[in-house]
Amino acid sequence: MNNDNQCTNTEKLYSTIDEWDEKTYHRVWEKWLWGTNGNALPVEQCWDMNEMHVYGILCCIRESVVLSSNAVTYTTSEILPLEEYPELNIVHLHTNKAIQDYSLREILDQLECLQLNWGKIIGALLDNDQVELASHLLKACMSRLGSIARHAFQTEGRVLDDPQHITPLPDIQILQQAQQHHSSAPLLLTYGVVSRKCLRQSICIFFALWRVVAIVEKTHYIADEPQDQMDRVIRALKAHHIESSIDFFNVFQQMIYLAPGMRLVYRTNFAGMYNDVSQVIYFHYPKFCRQPQLSLTEIPQSNVHLLPLVMQLIPDIPVFYDDDTFIPGLSHKCLKSQIPKNNGAHAVEEPNNNYANTGTGQDDIDQIDFQWAWIVSCGEIFLIRYHKKIVDDEEAVLELGNISRQPCDIFLSENRSLVNLVAFFLRYTKRKIGDEMLDASEVIIHRNSLALTAHGHVQLLDG
Amino acid sequence: MDEIASRSVSLRPLFLAWDQLQEIETKQRESQEKKNIATALQRHMSSFKIVEQGMNGFKRMQQCRKALEALDRRGWDRSFHQRLFHEEYLKSCARIFFKRDGPGAFANAHNRLLEVNSWESTPQEILVSTPRRFGKTISVSMFAAAMMFACPSMELSIYSTCKRISQKLLRNIVKFLDLIYLELGVPPFKIARMNSEEVHVLGNEGHGDLRIINSYPSKIGLYKYYITFMIYVVNVLSNSIVFLSGLSHI
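Chains as they are written, first to last, in our numbering: chain A, 1 to 463; chain B, 1 to 250.
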């Protein structure tokens, strides 16, 4: 059996879960996080789950196996010490209780708490350069969920303490006794398992939180750009950009308002009913009010308000969100074919390359080979530079099986300023924006880059 | 304490169901792919189909000219300017005639095309501006009918100033097409669909040769015009032709 088959045969993976080596786990993990479509419709025959949920459950169970073999338990406050992170005291719901001992309700509460505060947690950990603590915390929670998922508990017990997330099981012993004695007494449902819906929701949240961690871990931080470069960006912003970008701004502010995984959970809970992000917003926050766009002078101070204008200035750079089906540079190439044709109004899946080298006047191969995109994750805006071609990295293929994607670099400004990030992009690509593009030589270059035929022109007839 | 009150449950049915589903989907996909893939022999034969019929871009252009001349003989003798318009339209649409000749056919034939027709270039757009009563609407109808007769798998869209004109234009096209059949003595093409906005006919160049003409009303205004002008723009896209017909305003 080759690597690829090993990774796709989930039943075999499950039956040998105690014997996985690091490589197998890495493959399954990679497949779950970047090789499955989280937005796919759940399949009724598979317990109302999709591929992402199936692999997510495998990962949770594996985590529970690993943690139980290590016999180590943690409380949240041991992972995120209060002395070091006093600002994160809100995430310690059960300070003295090990995560491995959480009941179903407690683990769900903890997960929701992490989801709502994930930006804050990651931000605090980033400042201390300890993002791996977020991984420990998530793995501990996954392990507990995996442990609950592979066990049936007494419905009257203290683990399954949330009636809405319990599926009762018929008790086998009582069933056998009833058969022996031909009893017609009603069956007692004393054991139960966690419900499918609960598993599905939790896996969606884990998926989204892990994606944020993965993006942050790959990020390169860029220092402040020279002031004149930043001024270029601010100078290029005009009032008409506000008007033309207002539709995108309205959608974008809703996306930013949502916590990681909220859209994903909604899309799987209401499968096939999702059309617009406003559905999710008003489902979670019925009192949500759209904020008006700021004035032109205030906009550069706010990344959320600035990005729609930047998209007017550099329209060939698309925006992707962390729960999108396909994110270039991160997702596996096999997912590219699963992108719906009209997948949101603003996520341009296939960027137009006509502008790729506009205004640079140079033939730098590096520039031509790369494309750029914005990734919005957990309220932060990242810039990703990815290779146009999908490269089969031999080492990765050997190690991870049939995985190929575009090599990429993710950038974030150290001071979290989008102006700085745009200035970096302009300096790196030597591109010009706004009025800078209007001199005669630029017009000629721009025209040449357009796909006109050698004979294409408008002809006026005389006579 | 938990373990006392708990029992292991197997999630194997979930993974088994998932694997079985994947297997079924893979088989379905493979069988679908097999259905869609033409055999090497089919591909080979289809490339010769047109050659068998002896048609190529040059001959189709000749057919188009013949159709226009047939209309001349059937009582719709074109004026000097109408002939000029048609020649320019033909120039703009030249690449459409080579569409079924395979990739690169137009590029290969380009020099010869210029030479044979004494053209300097083949622009894809043409803008015609003349005073009223020059017969522009009629000339567009005639040309559309000739194109429909000569050009396989083409789609032509005409945008007129109002619904009355767009309907009239479409009726004219159908009428001229009938005259062409009559004059050239060829069996009429089968009409697949016809309504007040579009006509689809099945051409004579094999499977997939559906020829479409759309005639749509539109709302167009040109301001600060003191003389009535009629403007046509022929814009040949990759596989369709667009006429903006009769933009006139005072």
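Think of the hints as simulated: they come from the structure by calculation, not from any bench.
Heads up, some of the hints might be wrong.
Mimicking DMTMM-like on lysine to aspartate or glutamate, the simulated pairs with C-alpha atoms at most 25 Å apart in a straight line are [claimed, not checked]:
#1 B:K27 <-> A:D409
#2 A:K23 <-> A:E112
#3 A:K333 <-> B:E30
#4 A:K218 <-> A:D48
#5 B:K59 <-> B:E183
#6 B:K59 <-> B:D19
#7 A:K333 <-> B:E183
#8 A:K336 <-> B:E30
#9 A:K333 <-> B:E120
#10 A:K430 <-> A:D161
#11 A:K12 <-> B:E33
#12 A:K12 <-> B:E183
#13 A:K336 <-> B:E183
#14 A:K197 <-> A:D129
#15 B:K66 <-> B:E33
#16 B:K27 <-> A:D276
#17 A:K333 <-> B:E25
#18 A:K333 <-> B:E88
#19 A:K12 <-> B:E88
#20 A:K12 <-> B:E87
#21 A:K336 <-> B:E87
#22 A:K430 <-> A:D369
#23 A:K336 <-> B:E25
#24 B:K66 <-> B:E87
#25 A:K430 <-> A:D247
#26 B:K27 <-> A:E132
#27 A:K333 <-> A:E83
#28 B:K59 <-> B:E23
#29 A:K388 <-> A:D409
#30 A:K197 <-> B:D19
#31 A:K336 <-> B:E33
#32 A:K238 <-> A:D161
#33 A:K97 <-> A:D161
#34 B:K168 <-> B:E205
#35 A:K23 <-> B:E87
Part of the chain A face toward chain B, derived, beta carbon under 10 Å [what the hints assert, rightly or not]:
#36 N9
#37 Q45
#38 G157
#39 Y428
#40 R431
It should be emphasised that the depicted structure is a prediction, and the values quoted were computed from it without experimental measurement.
Beta carbons are placed, not taken as given, at the ideal position from N, Cα and C, and that holds for glycine.
Against the structure, the hints come out as follows:
no. : hint              : in the structure
1   : B:K27 <-> A:D409  : violated, 38 Å
2   : A:K23 <-> A:E112  : violated, 31 Å
3   : A:K333 <-> B:E30  : holds, 19 Å
4   : A:K218 <-> A:D48  : violated, 33 Å
5   : B:K59 <-> B:E183  : holds, 18 Å
6   : B:K59 <-> B:D19   : violated, 57 Å
7   : A:K333 <-> B:E183 : violated, 58 Å
8   : A:K336 <-> B:E30  : holds, 19 Å
9   : A:K333 <-> B:E120 : violated, 47 Å
10  : A:K430 <-> A:D161 : violated, 60 Å
11  : A:K12 <-> B:E33   : violated, 28 Å
12  : A:K12 <-> B:E183  : violated, 74 Å
13  : A:K336 <-> B:E183 : violated, 54 Å
14  : A:K197 <-> A:D129 : violated, 36 Å
15  : B:K66 <-> B:E33   : violated, 43 Å
16  : B:K27 <-> A:D276  : violated, 34 Å
17  : A:K333 <-> B:E25  : holds, 19 Å
18  : A:K333 <-> B:E88  : violated, 47 Å
19  : A:K12 <-> B:E88   : violated, 69 Å
20  : A:K12 <-> B:E87   : violated, 71 Å
21  : A:K336 <-> B:E87  : violated, 46 Å
22  : A:K430 <-> A:D369 : holds, 15 Å
23  : A:K336 <-> B:E25  : holds, 18 Å
24  : B:K66 <-> B:E87   : holds, 13 Å
25  : A:K430 <-> A:D247 : violated, 29 Å
26  : B:K27 <-> A:E132  : violated, 42 Å
27  : A:K333 <-> A:E83  : violated, 44 Å
28  : B:K59 <-> B:E23   : violated, 52 Å
29  : A:K388 <-> A:D409 : holds, 13 Å
30  : A:K197 <-> B:D19  : holds, 21 Å
31  : A:K336 <-> B:E33  : holds, 18 Å
32  : A:K238 <-> A:D161 : violated, 57 Å
33  : A:K97 <-> A:D161  : holds, 16 Å
34  : B:K168 <-> B:E205 : violated, 29 Å
35  : A:K23 <-> B:E87   : violated, 69 Å
36  : N9                : holds, 6 Å
37  : Q45               : holds, 5 Å
38  : G157              : holds, 4 Å
39  : Y428              : violated, 35 Å
40  : R431              : violated, 29 Å
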